[in-house]
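Take the sequences, apply the hints, and build the full model.
Just so you know, we're using our numbering here: the sequence shown kicks off at 1 and counts up by one.
Quick caveat, the hints were computed from the structure, so don't treat them as lab data. Be aware that one or more of the hints could be misleading.
Quick list of simulated restraints, FRET-style, between CB atoms [said to hold, decoys possible]:
id: 1; residue 1: 64; residue 2: 143; range: 22 to 28 Å
id: 2; residue 1: 43; residue 2: 77; range: 19 to 25 Å
id: 3; residue 1: 60; residue 2: 118; range: 44 to 50 Å
id: 4; residue 1: 115; residue 2: 7; range: 34 to 40 Å
id: 5; residue 1: 119; residue 2: 59; range: 20 to 26 Å
id: 6; residue 1: 56; residue 2: 103; range: 32 to 38 Å
id: 7; residue 1: 100; residue 2: 56; range: 19 to 25 Å
id: 8; residue 1: 108; residue 2: 145; range: 20 to 26 Å
id: 9; residue 1: 116; residue 2: 57; range: 36 to 42 Å
Note that the Cβ used here is the ideal one computed from N, Cα and C, for glycine as well.
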Amino acid sequence: MGSGKSYWGHIWAQQKGLTFYDLDTEIENSFELPVELIFEKHGEEKFREMERYHLRKFESNKNHLIACGGGTPCFFDNLEWMKKHGKVVYLKASPEYILKRVMAETEKRPLLKKVNPSELLFFIQQKLKEREPVYLRADYILDVETLSKDSLDLP
1 MGSGKSYWGH
11 IWAQQKGLTF
21 YDLDTEIENS
31 FELPVELIFE
41 KHGEEKFREM
51 ERYHLRKFES
61 NKNHLIACGG
71 GTPCFFDNLE
81 WMKKHGKVVY
91 LKASPEYILK
101 RVMAETEKRP
111 LLKKVNPSEL
121 LFFIQQKLKE
131 REPVYLRADY
141 ILDVETLSKD
151 SLDLP
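Here it is in C-alpha coordinates:
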(Lines of atoms letter the chains of each structure in order from A and count residues from 1; the text may use other names and numbers.)
(Lines give C-alpha, C1' and ligand atoms only; values in the text may rest on other atoms or scores of the structure.)
Protein backbone atom coordinates (compact mmCIF):
# COMPACT_ATOMS: atom_id res chain seq x y z
CA MET A 1 0.00 0.00 0.00
CA GLY A 2 1.59 3.22 -1.17
CA SER A 3 5.19 2.02 -1.40
CA GLY A 4 5.52 2.78 -5.11
CA LYS A 5 5.16 -0.72 -6.52
CA SER A 6 3.89 0.46 -9.90
CA TYR A 7 6.46 3.26 -10.13
CA TRP A 8 9.47 1.09 -9.27
CA GLY A 9 8.05 -1.87 -11.17
CA HIS A 10 7.97 0.14 -14.41
CA ILE A 11 11.54 1.30 -13.90
CA TRP A 12 12.92 -2.12 -13.01
CA ALA A 13 11.05 -3.86 -15.86
CA GLN A 14 12.44 -1.32 -18.32
CA GLN A 15 15.99 -1.76 -16.98
CA LYS A 16 15.72 -5.56 -17.24
CA GLY A 17 13.89 -5.67 -20.59
CA LEU A 18 10.80 -7.24 -19.03
CA THR A 19 7.13 -6.64 -19.76
CA PHE A 20 5.46 -4.81 -16.90
CA TYR A 21 2.01 -5.73 -15.60
CA ASP A 22 0.03 -4.14 -12.80
CA LEU A 23 -2.23 -6.75 -11.23
CA ASP A 24 -4.83 -4.15 -10.24
CA THR A 25 -5.00 -2.95 -13.85
CA GLU A 26 -5.52 -6.53 -15.06
CA ILE A 27 -8.41 -6.91 -12.62
CA GLU A 28 -9.89 -3.52 -13.55
CA ASN A 29 -9.81 -4.49 -17.23
CA SER A 30 -11.56 -7.76 -16.44
CA PHE A 31 -14.37 -6.05 -14.50
CA GLU A 32 -14.34 -2.87 -16.58
CA LEU A 33 -14.38 -1.01 -13.26
CA PRO A 34 -11.76 0.70 -11.10
CA VAL A 35 -10.58 -1.22 -8.03
CA GLU A 36 -12.48 1.02 -5.61
CA LEU A 37 -15.79 0.24 -7.39
CA ILE A 38 -14.99 -3.49 -7.53
CA PHE A 39 -14.59 -3.41 -3.73
CA GLU A 40 -17.79 -1.39 -3.40
CA LYS A 41 -19.97 -3.52 -5.71
CA HIS A 42 -18.49 -7.00 -5.20
CA GLY A 43 -16.64 -6.81 -1.87
CA GLU A 44 -13.07 -7.55 -0.86
CA GLU A 45 -13.52 -11.32 -0.97
CA LYS A 46 -14.47 -11.31 -4.66
CA PHE A 47 -11.61 -8.91 -5.41
CA ARG A 48 -9.12 -11.23 -3.66
CA GLU A 49 -10.43 -14.20 -5.64
CA MET A 50 -9.98 -12.29 -8.90
CA GLU A 51 -6.53 -11.18 -7.77
CA ARG A 52 -5.55 -14.83 -7.25
CA TYR A 53 -7.05 -15.84 -10.61
CA HIS A 54 -5.25 -13.09 -12.55
CA LEU A 55 -1.96 -13.74 -10.78
CA ARG A 56 -2.01 -17.34 -11.95
CA LYS A 57 -2.57 -16.32 -15.56
CA PHE A 58 1.11 -15.36 -15.60
CA GLU A 59 2.33 -18.89 -14.85
CA SER A 60 3.49 -19.69 -18.39
CA ASN A 61 4.94 -16.25 -19.16
CA LYS A 62 8.41 -15.85 -17.66
CA ASN A 63 9.64 -12.53 -19.06
CA HIS A 64 7.59 -10.14 -17.01
CA LEU A 65 7.42 -8.16 -13.82
CA ILE A 66 4.14 -7.95 -11.90
CA ALA A 67 3.28 -5.19 -9.45
CA CYS A 68 0.70 -6.68 -7.14
CA GLY A 69 -1.39 -4.96 -4.52
CA GLY A 70 -0.16 -4.80 -0.94
CA GLY A 71 -2.67 -7.44 0.12
CA THR A 72 -1.93 -9.93 -2.67
CA PRO A 73 0.77 -11.97 -0.89
CA CYS A 74 -1.32 -12.08 2.30
CA PHE A 75 -4.27 -14.02 0.87
CA PHE A 76 -4.71 -17.67 -0.13
CA ASP A 77 -1.39 -19.25 -1.13
CA ASN A 78 -0.39 -16.27 -3.28
CA LEU A 79 3.01 -15.68 -1.69
CA GLU A 80 4.01 -19.33 -2.03
CA TRP A 81 2.84 -19.33 -5.65
CA MET A 82 4.76 -16.12 -6.38
CA LYS A 83 7.96 -17.51 -4.84
CA LYS A 84 7.59 -20.77 -6.77
CA HIS A 85 7.16 -18.97 -10.10
CA GLY A 86 9.54 -16.05 -9.68
CA LYS A 87 11.25 -13.71 -7.26
CA VAL A 88 9.34 -11.62 -4.76
CA VAL A 89 10.49 -8.12 -3.82
CA TYR A 90 9.20 -6.29 -0.76
CA LEU A 91 9.35 -2.51 -1.15
CA LYS A 92 9.70 -1.56 2.49
CA ALA A 93 8.47 1.87 3.59
CA SER A 94 7.73 3.51 6.91
CA PRO A 95 4.11 4.29 7.80
CA GLU A 96 4.94 8.01 7.58
CA TYR A 97 6.34 7.62 4.06
CA ILE A 98 3.25 5.69 2.97
CA LEU A 99 0.97 8.30 4.55
CA LYS A 100 2.61 11.06 2.49
CA ARG A 101 2.13 9.05 -0.70
CA VAL A 102 -1.51 8.08 -0.15
CA MET A 103 -2.96 11.21 1.48
CA ALA A 104 -4.16 12.73 -1.79
CA GLU A 105 -5.66 9.54 -3.16
CA THR A 106 -7.55 7.83 -0.34
CA GLU A 107 -10.73 7.82 -2.46
CA LYS A 108 -8.99 5.52 -4.97
CA ARG A 109 -7.80 3.11 -2.29
CA PRO A 110 -10.61 0.89 -1.06
CA LEU A 111 -9.05 0.03 2.29
CA LEU A 112 -8.41 3.71 3.06
CA LYS A 113 -11.61 5.16 1.66
CA LYS A 114 -13.61 4.89 4.87
CA VAL A 115 -10.80 5.70 7.28
CA ASN A 116 -11.06 9.03 9.08
CA PRO A 117 -8.08 11.19 7.97
CA SER A 118 -7.02 11.68 11.60
CA GLU A 119 -6.77 7.89 11.99
CA LEU A 120 -5.00 7.21 8.70
CA LEU A 121 -1.47 6.90 10.12
CA PHE A 122 -2.69 4.48 12.80
CA PHE A 123 -4.54 2.43 10.17
CA ILE A 124 -1.39 2.22 8.01
CA GLN A 125 0.69 1.22 11.04
CA GLN A 126 -1.79 -1.55 11.88
CA LYS A 127 -1.91 -2.85 8.28
CA LEU A 128 1.89 -2.99 8.14
CA LYS A 129 2.04 -4.74 11.51
CA GLU A 130 -0.46 -7.29 10.23
CA ARG A 131 1.16 -7.81 6.81
CA GLU A 132 4.87 -7.41 7.47
CA PRO A 133 5.46 -11.01 8.66
CA VAL A 134 4.30 -12.08 5.18
CA TYR A 135 6.25 -9.33 3.40
CA LEU A 136 9.48 -10.30 5.19
CA ARG A 137 9.34 -13.71 3.48
CA ALA A 138 10.13 -12.00 0.15
CA ASP A 139 13.28 -12.96 -1.73
CA TYR A 140 14.51 -9.36 -1.66
CA ILE A 141 13.75 -6.40 0.58
CA LEU A 142 14.36 -2.88 -0.72
CA ASP A 143 13.98 0.27 1.36
CA VAL A 144 12.09 2.65 -0.93
CA GLU A 145 13.05 5.64 1.18
CA THR A 146 16.69 5.24 0.12
CA LEU A 147 16.09 3.64 -3.27
CA SER A 148 17.19 5.36 -6.47
CA LYS A 149 17.08 4.36 -10.13
CA ASP A 150 20.82 3.70 -9.96
CA SER A 151 20.60 1.55 -6.84
CA LEU A 152 17.80 -0.61 -8.23
CA ASP A 153 19.98 -3.58 -9.12
CA LEU A 154 18.58 -7.02 -8.43
CA PRO A 155 19.29 -10.23 -10.34
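Results of checking the hints against the structure:
no., hint, verdict
1, 64 to 143: 22 to 28 Å, "holds (24 Å)"
2, 43 to 77: 19 to 25 Å, "holds (21 Å)"
3, 60 to 118: 44 to 50 Å, "holds (47 Å)"
4, 115 to 7: 34 to 40 Å, "violated (23 Å)"
5, 119 to 59: 20 to 26 Å, "violated (39 Å)"
6, 56 to 103: 32 to 38 Å, "holds (34 Å)"
7, 100 to 56: 19 to 25 Å, "violated (34 Å)"
8, 108 to 145: 20 to 26 Å, "holds (23 Å)"
9, 116 to 57: 36 to 42 Å, "holds (37 Å)"
Comparing the model with each earlier hint shows violations of hints 4, 5 and 7; every other hint is respected.
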